[in-house]
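Colleague: Let chain A serve as the given structure and place chain B on it in line with the hints.
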Amino acid sequence: MFYQPKNVPEALGLKAELKERGVFIAGGTDIVVLMNHGKAAPENFIDLTHIPELRAIHRHNGTMEMAGNVTHAQAGKLPIRCLAQAALSVGGPGIRELGTLAGNLATASPAGDGSTALLALDAEVELTSVRGTRRLPLEKFFLGYRKTALAPDEMITKIIVPTNYKTDWAKNGKRGAMNISIVAAAVAITPKNEARIALASVAPVPIRCHKAERFLAENGLNGDSIRQATEIVRGEIKPITDHRASADYKIHLSGVMVRRLLENLVKS
Amino acid sequence: MKKAAKAKPTGLWPLRFTLNGKKVSTKVRPTQTLLDFLRIEMGLTGTKGACLEGECGSCYVLVDGKPMNSCLMLAPQVQDRNVTTIEGFAHNKKLDVIQQKFVECGAVQCGYCTPGMLMAAKALLDRNPNPSREDVVEAIGGNICRCTGYEPIINAVLDAARSDSRRRA
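Read top to bottom, the protein sequences are chains A and B.
The numbering used here puts the first residue of the first sequence at 1, with every later residue one more than the last.
The numbering used here puts the first residue of the second sequence at 1001, with every later residue one more than the last.
Only chain A is shown next, with the shape it has when bound in the complex (with noise of 0.2 angstroms):
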């Protein structure tokens, strides 16, 4: 069956109602891929393009709330500097009217552009169904390659984040539009001056480099602190040798994309 709620209780309702069997269509950009491919003829489709709420943005208390649907389109214009610019990297204008953050999330890509902006913003995700409301550490909402804690009745209705980090955010592919990257690095510094740094496609999933994050937070943030701190970046992640580049390549670059953005970031 194709279902188009008009309110999220609705397509709440049925997602409780279909499980698995249902799948949550927006953007498309992944679902409607594998259908033309071949490889994907869901049962249910539950359409969450009709329901207005679900692309509201509100600001309040120092954060910014977004709702599931909000497109790249929209993030791109959010004063959020790491945000708006991972979200206006993502593929031409066309994918990004349609593509959604929430469906980056769900898809938990191990390339997720929006998705390393979001974990140096230490962003929350708040997920509904039926039985109630949770927020998630978003750290905590990937569990591995493409897993993720949605439980099969559950929705993403909100990302959460600050409005007040330092942030910028770097992506390296093969050419400048349209491009899965290489690997994609968001840093941020927050308002007590701790330093966040995230990768993706690195390892399995978009990560948090938490040991040099430590170190930065012992050392402080200056050029010899984060010369070193490279070097712990470049021992915390775990990349594969693909089509796009190897190991070992991914690895130099990472320390490079990191110390860039770190050393801007403080001399701003």
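Just so you know, these hints were derived from the structure itself, not from any lab.
There could be a bad hint or two in this list.
Straight-line distance between alpha carbons at most 27 angstroms, and here's what the computed DSSO-like set of lysine-lysine pairs gives [stated by the list, open to error]:
id : chain 1 : residue 1 : chain 2 : residue 2
1  : B       : Lys1027   : A       : Lys6
2  : A       : Lys19     : B       : Lys1022
3  : A       : Lys6      : B       : Lys1066
4  : A       : Lys39     : B       : Lys1006
5  : A       : Lys6      : B       : Lys1023
6  : A       : Lys6      : B       : Lys1022
Here's a subset of chain A near chain B, in silico, CB distances under 8 angstroms, partners left out [claimed, not checked]:
id : residue
7  : Met1
8  : Thr29
9  : Val32
10 : Val33
11 : Gly91
12 : Pro93
13 : Glu97
14 : Leu98
15 : Ala111
From the three backbone atoms N, C-alpha and C, an ideal C-beta is built for every residue, glycine too.
Modeller: Here is chain B on its own, set in the frame of chain A:
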């Protein structure tokens, strides 16, 4: 509460939307992509399909004025929306100024990418009547052209922005 509208994947979905300014009320197979629906059911073959994964932009249509890859949308998702395809561009057999500039600048070679390029260009110019060269490059970033090398296309979009007829329109 009114129950969600629904249809079997094999059954038919009652689709109402606006297509090139005309109200359409029809029935669609809900798992059919918007691209296939437009081409096969509506007979509007101006919109092209190539990669079917959102890489090439040949399937761009405008939905409520925004460029979208019709190969990645299911037809029922345009319920109550306003869809424009290349067939909705010319007015009374007179080419839209962007089309005219594509002709004048030699921005069309094999032509396969052209409808998608025109969608991207129109979405840009409707939002930003005075784009920079970088704005144009960004706007067509999701559209692949294998013939022109892009330069004539970029020039055509910039010429269209500068043209008087577009300013007056």
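Colleague: Hint by hint, say whether it matches the structure.
Modeller: Here is what the structure says about each hint:
1. About 20 angstroms separates the Cα atoms of Lys1027(B) and Lys6(A), which keeps this hinted pair within 27 angstroms; it holds.
2. For the hint linking Lys19(A) to Lys1022(B), the alpha-carbon distance of about 38 angstroms lies beyond 27 angstroms, and the restraint is violated.
3. Between Lys6(A) and Lys1066(B), the direct Cα distance comes to roughly 22 angstroms. Compliance with the 27 angstroms bound is thereby established for this hinted pair.
4. As the CA atoms of Lys39(A) and Lys1006(B) are separated by approximately 24 angstroms, the hinted pair is consistent with the 27 angstroms bound.
5. Of the pairs offered as hints, the one joining Lys6(A) and Lys1023(B) holds, with about 22 angstroms between alpha carbons and a cut-off of 27 angstroms not exceeded.
6. A C-alpha spacing of about 24 angstroms is found between Lys6(A) and Lys1022(B), which places the hinted pair at or below 27 angstroms, so the restraint holds.
7. About 5 angstroms separates the beta-carbon of Met1(A) from the nearest beta-carbon of chain B, less than 8 angstroms, and the hint is met.
8. Hint status for Thr29(A): holds, given a least beta-carbon distance of 5 angstroms to chain B, under 8 angstroms.
9. Look at Val32(A): its Cβ gets to within about 5 angstroms of chain B, closer than 8 angstroms, so that hint holds up.
10. Checking Val33(A) against chain B by beta carbon gives a least distance of about 4 angstroms; that is within 8 angstroms, so the hint holds.
11. Against a cut-off of 8 angstroms between C-beta atoms, the interface hint on Gly91(A) holds, since the closest Cβ of chain B lies about 6 angstroms away.
12. With a least beta-carbon distance of about 5 angstroms to chain B, the hint placing Pro93(A) at the interface is held under the 8 angstroms criterion.
13. At about 5 angstroms, the closest approach between the beta carbon of Glu97(A) and any beta carbon in chain B falls short of 8 angstroms, and the interface hint on this residue holds.
14. About 6 angstroms separates the beta-carbon of Leu98(A) from the nearest beta-carbon of chain B, less than 8 angstroms, and the hint is met.
15. For Ala111(A), the interface hint is violated, the least distance from its beta-carbon to any beta-carbon of chain B being 15 angstroms, above 8 angstroms.
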